[in-house]
Every structure is written in structure tokens, then in C-alpha cells.
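K.L.:
Work the whole structure out from these sequences, hints included.
As given, the protein sequences belong to chains A and B, one line each in that order. Using numbering that gives the first Met the number 0, read the first sequence as starting at 0 and increasing by one per residue. Using numbering that gives the first Met the number 0, read the second sequence as starting at 0 and increasing by one per residue.
Just so you know, these hints were derived from the structure itself, not from any lab. Hints may contain errors.
Unchecked claim - In the DSS-like style, the derived pairs of lysine-lysine whose C-alpha atoms are separated by at most 27 angstroms in a straight line are: (1) Lys145/A with Lys47/B; (2) Lys47/B with Lys65/B; (3) Lys65/B with Lys145/A; (4) Lys95/B with Lys190/A; (5) Lys90/B with Lys40/A; (6) Lys40/A with Lys47/B; (7) Lys190/A with Lys40/A.
Unchecked claim - Here chain B is said to cover these stretches of chain A; the calculated rule only asks that three of the stretch's residues, wherever they fall, bring their Cβ under 8 angstroms from a Cβ of chain B: (8) 63-77; (9) 95-102; (10) 123-137.
Every value quoted in this text rests on a predicted model; they were computed, and no experiment measured them. Cβ coordinates follow ideal geometry from the N, Cα and C atoms, glycine included.
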Amino acid sequence: MMAPFYQSGSFGEGTSLVLAVLIGIGFGFFLERAGFGSARKLVSQFYLNDLAVFKVMFTAIVTAMVGVTLLAWVGWLDLSMVYLVPTYLLPQIAGGLILGAGFVIGGYCPGTSVAATATGRIDGLVYGLGLFAGMFAFAELFPWLKGFYEYGAGEAIMIPEAFGLSRGVVVGAVVLMAVAGLYGAARIERKFAAPSAE
Amino acid sequence: MHPVLAGIGLGLVLLATFVLVGRGLGASGAFNSVIAWAVSAVAPEHAKGNEFMAGYLRDDGASPLKSWLVFEVLGLFAGAMLSGFLGGRTKVMTEKGPRVSVRTRLGMAFAGGMLMAFGAALARGCTSGQALTGGALLNLGSWAFMLMVFAGGYAVAYFFRWEWR
Numbered sequence: 000m001m002a003p004f005y006q007s008g009s010f011g012e013g014t015s016l017v018l019a020v021l022i023g024i025g026f027g028f029f030l031e032r033a034g035f036g037s038a039r040k041l042v043s044q045f046y047l048n049d050l051a052v053f054k055v056m057f058t059a060i061v062t063a064m065v066g067v068t069l070l071a072w073v074g075w076l077d078l079s080m081v082y083l084v085p086t087y088l089l090p091q092i093a094g095g096l097i098l099g100a101g102f103v104i105g106g107y108c109p110g111t112s113v114a115a116t117a118t119g120r121i122d123g124l125v126y127g128l129g130l131f132a133g134m135f136a137f138a139e140l141f142p143w144l145k146g147f148y149e150y151g152a153g154e155a156i157m158i159p160e161a162f163g164l165s166r167g168v169v170v171g172a173v174v175l176m177a178v179a180g181l182y183g184a185a186r187i188e189r190k191f192a193a194p195s196a197e
Numbered sequence: 000m001h002p003v004l005a006g007i008g009l010g011l012v013l014l015a016t017f018v019l020v021g022r023g024l025g026a027s028g029a030f031n032s033v034i035a036w037a038v039s040a041v042a043p044e045h046a047k048g049n050e051f052m053a054g055y056l057r058d059d060g061a062s063p064l065k066s067w068l069v070f071e072v073l074g075l076f077a078g079a080m081l082s083g084f085l086g087g088r089t090k091v092m093t094e095k096g097p098r099v100s101v102r103t104r105l106g107m108a109f110a111g112g113m114l115m116a117f118g119a120a121l122a123r124g125c126t127s128g129q130a131l132t133g134g135a136l137l138n139l140g141s142w143a144f145m146l147m148v149f150a151g152g153y154a155v156a157y158f159f160r161w162e163w164r
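P.N.:
Here's what the structure looks like:
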């Protein structure tokens, strides 16, 4: 039987929920290990003295990207069965900008706020309450926001197809970008080294 | 942990998620499910009538809390707690810069959370569901989103130095 195993019928919803908890444990463990339970560590990304957010994100993306590409290439994973979020470029660009601002103001993103709360950060908990309030407000305002929310193509657009490149070329380019990025990040950190934030 | 090691660990968790359940990681969606659950408990017709909330209700009538992301986020909480305890980093405190009061920082945390909720809802995902997951799958919208998250953060960082520096 071929991966993804849930889609190919290897197990039912109950098992998928057990796996969700186990996968979540791994997710939370590595987020916390990376230091992402701390708002000061996270926002350092935007003051350039600690680029761990960039490094961890990019390394994780490259690891998973190379993994799925290899598994699909040898024929063990049917990529067409993996769920893709549909592309709505304009709302996603606006959402990204708003989210980036919220990141600096609030100190967390949704996942890291959970990790922060789990390790005793009161600001992480309060941030989570803000998230609930914002989600409720968004849902209540949805009739007015719907037009913009649904503006765009609405199908998942993949980078290789969008630019007419083969998947291998794009994967190779992202890996090179990541290596260059990690090297560049180390240089930026040395340049902006903070006068020790405790 | 070295950021590259933590990144590889996180990437392998994400890869396992693709292989096992055919989807990626996420976080903000779990918060939407909780809202849909709370509203449908108090005012079921209102939840059903709201197109956005209704998207988080289940067709089979089971609780909106029976969602993959809600279970994943419960695991996230447990995993972070475990790691924090093992590393001796668990401490009841408020993260902030030296120049800001705890009360102001908590107000900013709440405001930032609200703002983030709008961003994540508009973008159909947050740093986990869009940037990490869509990034690894080479989803064009996710990459545009990710670049904009950094752009938005750097654009406002200077104006919030007082909160952190």
C-alpha cells in the first residue's frame, strides 16, 4: 500500500487522531527545543541579532521538501493525494503582512504561543486569548470580508508549474538558497550582535 | 539545540505527517475549531448560519473539536511541556523587553494575537499551515505568504523596539 497511508485507506479517522497527538508531540518538542517558546527569541529575528526563526524554518522546509520529492520519485508517495491549500494570492499576501506585524507586536505565532503557554509564559497564554478573540471577530465580520477572502483563482498553484520549471530544478534552487541563506544569516547575526539581551 | 538540528527534526515530523496522513502541520485552524465549538454550544443556529464558522462544523454532527488539528495542537502542548521540563526552561513568567511593564506587554500580546488571527484567517493558515507545510510542497501562495510575513515583521519592527529592546 502506498503513502499517504490515511488517504489510501490503511487506517481510519480514530487512528489518524491518535497519530495527530503523536505528531503534535514531536512538533511541540522541536519548537520548544529550538527556543521558540520564548517571545524574545522569536522577535530577535526582526532585530537581526538571532535569526533562529529563519534557520529553523528554512531547514525544516528543505528537509520535508527533499523528503517528499525523493519518496514521490521512487514511487512510495502519491503526491497528488497530499492536501494542498488553495492559492488565493492577494488575500495570502495581505494575510502575510498582517501576520508578520502581529508576530512582532504579540511576540508569537499561533503554534509557538501554545509552546510558550506549555512552558509557563503568561504572555503566550494572553496571546492565545487574543487569537480566540480575533478568530471570533473575523468569523462575525466574514459576510463583509468574504469578497476579499475569496478573491483569486482558488486552485492550488505550484511553483514548478507557475514558472514552467521541472520540480527537480526548483527543489535544487531552494536547497542552494537555503545553504546561502544559512551562511548569510550567520554573517548578519555577527554584524547585529545585541549588547546581550540577558 | 542547534537551529539546523531543530529544523531537521521539525522537517522530519512534517515529512512523517505528509506520509502518514496526507496533510501538513497546522495551528491556527485548531483555534477556529474551538471557536466553532463554543459558538455552536451557545447558539447552534448562529454557528450554522455563519459561513466561516460552518466550515469548521462537521457534516456527521460530531463535535467540531473532533478535528485533526485540535488533536495535533493538544500534542504540541504536551511535547513542548515535556521538552521544557527536560531542559529546565519551564518558568511562570512574562517575556518582554527591559523597558516595558508586564501589563503593557500583556496588552500587546493580546492585540498581536487578535491581529494574527485576522492574518491567518485571510491567508488560510499561519506559519505552520502555510509557511512550513505549503513551503515544503512548493505551493506558490505559501511562498508569497512567507515572504510577506517577514516583510510585515521587518516593516513594523522599528516602531515596537520599546516592547523588546
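K.L.:
Does the structure keep Lys95/B and Lys190/A at a Cα separation of 27 angstroms or less?
P.N.:
holds, 23 angstroms
K.L.:
Need the status of pair Lys190/A, Lys40/A: alpha-carbon distance at most 27 angstroms?
P.N.:
Given pair Lys190/A, Lys40/A holds - Cα atoms ~17 angstroms apart, limit 27 angstroms.
K.L.:
Is the straight-line distance between the alpha-carbon of Lys40/A and that of Lys47/B 27 angstroms or less?
P.N.:
violated, 40 angstroms
K.L.:
Residue count check for the region 123-137 of chain A against chain B: does it reach three with CB-CB under 8 angstroms?
P.N.:
Per the Cβ count (14), the hint holds.
K.L.:
Verify the proposed pairing of Lys47/B with Lys65/B, using a straight-line Cα cut of 27 angstroms.
P.N.:
It holds: about 17 angstroms lies between the C-alpha atoms, which stays within 27 angstroms.
K.L.:
Does the region 95-102 of chain A contain three or more residues whose Cβ lies closer than 8 angstroms to a Cβ of chain B?
P.N.:
holds (count 8)
K.L.:
Counting residues of the region 63-77 of chain A with a beta carbon closer than 8 angstroms to any beta carbon of chain B, are there 3 or more?
P.N.:
holds (count 6)
K.L.:
Check the hint pairing Lys65/B with Lys145/A against an upper bound of 27 angstroms on the C-alpha distance.
P.N.:
The given pair, whose Cα atoms are some 26 angstroms apart, holds under the 27 angstroms limit.
K.L.:
Holds or violated: Lys145/A and Lys47/B, Cα atoms, limit 27 angstroms.
P.N.:
holds, 16 angstroms
K.L.:
Straight-line Cα separation of Lys90/B and Lys40/A no greater than 27 angstroms?
P.N.:
Within the cut-off at roughly 15 angstroms; holds.
In summary, the structure is inconsistent with hint 6 from the numbered list given earlier, while agreeing with all the others.
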